[in-house]
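**Student:** Here the protein sequences line up with chains A and B, keeping their order. Residue numbers 1 to 87, in my numbering, belong to the letters of the first sequence in order. Residue numbers 1 to 236, in my numbering, belong to the letters of the second sequence in order.
Heads up, a few of these hints could be off.
As the list claims (entries may be wrong) - If you anchor each label on the Cβ, the simulated ranges turn out as follows:
| id | chain 1 | residue 1 | chain 2 | residue 2 | range |
| --- | --- | --- | --- | --- | --- |
| 1 | B | 97 | A | 46 | 20 to 30 Å |
| 2 | A | 16 | B | 195 | 20 to 30 Å |
| 3 | A | 58 | B | 108 | 37 to 47 Å |
| 4 | A | 26 | B | 177 | 26 to 36 Å |
| 5 | B | 32 | A | 16 | 36 to 46 Å |
What the hints contain is simulated information worked out from the structure, not anything from laboratory work. Where is the CB? At the ideal position from N, CA and C, for every residue including glycine.
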Amino acid sequence: MKFAANIDVMPKQEISDPQGQAVERTLPGLGFDSVREVRIGKRIEIVLEAADQAAAEAMAVAMCDKMLANPVIEDYELEVIEVENAG
Amino acid sequence: MTPTIGVVVFPGSNCDRDADYSFDYLGADTRFIWHLETDLEGLDAVVLPGGFSYGDYLRTGAMAAYSPVMQSVKDFAADGKLVIGICNGFQILCEAGLLPGALRRNRGLRFRCLPVRIRVENTESPFTSNSMWPGQVLTIPIAHFDGNYYCTDEDLEELLADRRIAFRYCDVHGEPADEANPNGSVWNIAGILNEGRNVLGMMPHPERAVDPVVGGTDGRLILSSMLTSLVGSETE
Numbered sequence: 001m002k003f004a005a006n007i008d009v010m011p012k013q014e015i016s017d018p019q020g021q022a023v024e025r026t027l028p029g030l031g032f033d034s035v036r037e038v039r040i041g042k043r044i045e046i047v048l049e050a051a052d053q054a055a056a057e058a059m060a061v062a063m064c065d066k067m068l069a070n071p072v073i074e075d076y077e078l079e080v081i082e083v084e085n086a087g
Numbered sequence: 001m002t003p004t005i006g007v008v009v010f011p012g013s014n015c016d017r018d019a020d021y022s023f024d025y026l027g028a029d030t031r032f033i034w035h036l037e038t039d040l041e042g043l044d045a046v047v048l049p050g051g052f053s054y055g056d057y058l059r060t061g062a063m064a065a066y067s068p069v070m071q072s073v074k075d076f077a078a079d080g081k082l083v084i085g086i087c088n089g090f091q092i093l094c095e096a097g098l099l100p101g102a103l104r105r106n107r108g109l110r111f112r113c114l115p116v117r118i119r120v121e122n123t124e125s126p127f128t129s130n131s132m133w134p135g136q137v138l139t140i141p142i143a144h145f146d147g148n149y150y151c152t153d154e155d156l157e158e159l160l161a162d163r164r165i166a167f168r169y170c171d172v173h174g175e176p177a178d179e180a181n182p183n184g185s186v187w188n189i190a191g192i193l194n195e196g197r198n199v200l201g202m203m204p205h206p207e208r209a210v211d212p213v214v215g216g217t218d219g220r221l222i223l224s225s226m227l228t229s230l231v232g233s234e235t236e
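Start from the sequences and build out the full structure, keeping to the hints where you can.
**Tutor:** Here is the structure:
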């Protein structure tokens, strides 16, 4: 079965996010005065084969823990959904 | 005995030649180790040089940490042999779990390329024992975008208690002032040691401060400390 793993990696809440801060300071200059907070992370989309939903999720978590996120400075959230086989 | 220093070359390393030149300049034998190689036989120390391994994709050092050579480097370090990671090499050591913490994007989002002052915090390591004293101020260049060292409070306490902070960014008086911190690093940390004190990671580039033709020579103290300790351990 084919699955899509969509992973959001974000800087941990307690860790400063210089990119988010820079954008946060810039947006009011464009007229968006009500912006209060900006945080910037990254999204990773992976298509994978697995026997079932549980196996696909376990694989996605393992990939995040091993390489895709750095647990010292980042948190991640993921969703795994079955995708229809093309054709 | 002439020590042999291995300089690892990742795709995207760009300070490998400088590291090779510097150790050669100081009288050591050197050998380049392509990142797909796993044989470190005959080496007395390994350098993970600066640069942009794997284009800094995903996170700095994240991909290089899983290069085939890195398992050998871990074994090499576990044997108590010397490993120095400079700039990108420091990032790789953290990503590989050989040193605690992580290097974040610089405070202010600036690539910083300039000579900085660092204070020698610990002279009880093979990297800092030769002709150095605690509190000594060295001038060594930095050139990085992601040198903003971070670790948890618990890790910092451990590093302090264990005296594993090798260098801190400081001002001309040797004070670790915030204005002297070029990247926002926790505790002005510029370099740290592992528990065994045989692995050093540092953001400043000692190999760029060896030949007086291209700047200062304070970097010699660190690299020659390594060579002295290697020759010393051989004669014991």
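**Student:** Are the hints correct? Go through all of them and say.
**Tutor:** These are the hints, each one checked on the structure:
1. Checking the proposed 20 to 30 Å range against residue 97 (chain B) and residue 46 (chain A) shows it holds: the Cβ atoms sit about 23 Å from each other.
2. For the pair residue 16 (chain A) and residue 195 (chain B), the supplied restraint of 20 to 30 Å holds, since their beta-carbon distance comes to about 28 Å.
3. Checked against the hint of 37 to 47 Å, the C-beta distance between residue 58 (chain A) and residue 108 (chain B) comes to roughly 40 Å, which is consistent with it.
4. Restraint check, residue 26 (chain A) to residue 177 (chain B): a C-beta distance of roughly 29 Å satisfies the suggested window 26 to 36 Å.
5. Between residue 32 (chain B) and residue 16 (chain A) the CB atoms are about 38 Å apart, so this pair conforms to the stated range of 36 to 46 Å.
The structure shown violates none of the earlier numbered hints.
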